[in-house]
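Asks: Heads up: the sequence lines are chains A and B, in that order.
Counting in my numbering, the first sequence runs from 3 upward without gaps.
Counting in my numbering, the second sequence runs from 3 upward without gaps.
What the hints contain is simulated information worked out from the structure, not anything from laboratory work.
Don't take each hint at face value.
If several chains are the same, the list does not tell them apart, and a pair holds so long as it fits within one copy or across any two.
Only pairs whose alpha carbons sit at most 27 Å apart, straight line, appear in this in silico BS3-like list of lysine-lysine [said to hold, decoys possible]:
{"no.": "1", "residue 1": "Lys-403", "residue 2": "Lys-84"}
{"no.": "2", "residue 1": "Lys-84", "residue 2": "Lys-391"}
{"no.": "3", "residue 1": "Lys-127", "residue 2": "Lys-68"}
{"no.": "4", "residue 1": "Lys-360", "residue 2": "Lys-391"}
{"no.": "5", "residue 1": "Lys-403", "residue 2": "Lys-286"}
{"no.": "6", "residue 1": "Lys-360", "residue 2": "Lys-403"}
{"no.": "7", "residue 1": "Lys-402", "residue 2": "Lys-61"}
Protein chains: 2
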Amino acid sequence: MPLKGNLLVGQSGGPTAVINSSLVGVIEEALKHPEIEAIYGCVHGVQGLLREEIVDLRKEKPGTLKRLKTTPSAALGSCRYKLKADDPERLLQVLQAHNIRYLLYIGGNDSAETGHLVGDLAHEKGYELRVMGVPKTVDNDLEYTDHCPGYGSVARFIAAAAMDAGKDSEAIGVVDNVKIIETMGRNAGWITAAAALGKREERDAPHLICLPEVPFEPDRFLSAVQNAYDRLGYCVVSACEGLRDAEGKEVVASKRAIDTDAFGHRQLGGVGDFLCDLIATNLKIKARYDKPGTIQRMSSALASKVDLEEAYLVGKAAVRSAVQGVDGQMVTLVRESADPYRCTTGLAPLEKVAAAEKKLPPDFISPDGTFVTQAFLDYARPLVGGLPKYARLEMHPIEKKLS
Amino acid sequence: MPLKGNLLVGQSGGPTAVINSSLVGVIEEALKHPEIEAIYGCVHGVQGLLREEIVDLRKEKPGTLKRLKTTPSAALGSCRYKLKADDPERLLQVLQAHNIRYLLYIGGNDSAETGHLVGDLAHEKGYELRVMGVPKTVDNDLEYTDHCPGYGSVARFIAAAAMDAGKDSEAIGVVDNVKIIETMGRNAGWITAAAALGKREERDAPHLICLPEVPFEPDRFLSAVQNAYDRLGYCVVSACEGLRDAEGKEVVASKRAIDTDAFGHRQLGGVGDFLCDLIATNLKIKARYDKPGTIQRMSSALASKVDLEEAYLVGKAAVRSAVQGVDGQMVTLVRESADPYRCTTGLAPLEKVAAAEKKLPPDFISPDGTFVTQAFLDYARPLVGGLPKYARLEMHPIEKKLS
């Protein structure tokens, strides 16, 4: 028997270039099912839900959804909130007060945890609620899914940034010798690795990739930089903000107390400047850094078409599953075929998703730890789509006539 | 009587997304004129020319030029080199040795100075040489031209970055309260100002623009940030890396000796981190920064079509003028009509261009110094082309049912 009632959707965690595409997928699918009455959104994720800040999405203007699909960031507002002991109880009260029977939460593993806790409590109390997770994270660190919506776009941005910054260094390497691109990522190097996706030949950037999966050793780093610089006259490094030393301690992070979040994470950032200092001091060669920061996860100009489309599909699939009776699951992406690339959707329990974190597997990292492998490139290239082919002059020298 | 001989083209200064479009313009126009025999390029600008490092551009493959037009950065290699006393003499020897009669130098005011000195010496020595400057600089700080090729594209990147980072802050403002976008620019705020080009309403970023033309005063800055934050719950600042205090001293610059260039300029960068510290310490609100660095001047995905086309045109116009007998001039862009936007080319003496630097005029800066005016927006918008229109939900709240 169909479960009649209201649907509530929320967005959580770091915004992405495509998380609104998932929101539109949820809304458009919900509109098709008569058992779904009101379509609500909660403002700033569970933080707004705790305060009963709910908006009526059926009242939005018709043209808004179409434009929203390609608008980056989380239109409902996002949050980074760790549930307190009493919170699930309160959340359930709010859901019950508004006869919400379908809870769709778009986010990463913290969001899966939230959904799981609320769903469990509902079962316990005998309130019929179907909770579905919609995957979203630029970090690409969710297990049980081939990849995460949001990753293809940030990967495309970083691939293009490395191509562009590489062209810059190649032209001006006589002046600025080493360039660091500081990329996002706390524990997993997926974004950092994406810098390699536009590389076609040795001169192309990046020449070195520093992943959080590989303990950072200053001496090894410096000799790799020196080596590339000696060979090419310039060197471009993609370095993860979450680099860690052999003891697993972050190499750089904010020392400001204000910069520790609800999950106890210190704000990262500063790896670029740190590495530039290291290079200037030890190698006496000039280095500068680019830190695209939040721009990398948010660029609509560089959003991947595949990513936008898949983000939309997982939103739709989550609603469809919930209507069919599925509960407590996150929609996953399943690669059916590598070439031609084809993905379909699957399901994984929220509880399992919440507890896991997917790092770059060893076979995606080169044996010496300074680059990615062909296996990684094969995995990631279909997710970002085509990249431009830049020209390079052949540079036929003419004969010198002077001494 | 036509001047028969060889043409040499070089690229200088910071690369841009469109400087290769100018190079293609020069080559394609040169190919049309029978009096131009060899078409040469010098590698890394005058630095390569001093070493007689010259390449034959007629030997490049046919398909290369087409792709080169949209390839960012300087394909011949660039330099940042201050001429020494003996250098013009040596440069002239090289030009004479290779029967170069047309010297085309693509660059900013330092390049204009180089062209002017070499041209003067050639006249003095009775060697017939026509020197033409092709304008290029993301900084948009050349006088005598409405704007500079390269600027429209970096402006488009920064406008999009502010739109995207603004959307991010709007969604996650509950967590990351203030965002600084650190933009390029040593003395002129053209790039920093471009952050305003995508702003349509008060909530849109940026909320504050810190220009090098306006002396930086920490107290005034902090109260403007607090004000925006109190109103909106978040705040995005576009801040120039070249910010200066009331005494004209750079607020932040590298302290590393290695980071001082041939012109005595210290490498800039660090304003973002500096402002974040200032905010966290004094306002106790969380701030982070994005520093797109060299990516901003190099993004092919965000290159402006108008900019690409104009860069091509000034390259062609320079060759055409030289063939017609013009010498010692830089091609300029002249705005014939504001709406619809239409530009044609003009000429200005290299000597004058070399000596001048164009800052943001007072009527482009708001009276309180914290934003740009409509006059600036009207000036810059046609140069960057259309920007996306992002959607925003209307957010119709439903009635609360709980306490």
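Asks: Hints the structure violates: just list their numbers, smallest first.
Replies: Violated hints (numbers, rising): 2, 3, 4, 5, 6; every other hint is consistent with the structure.
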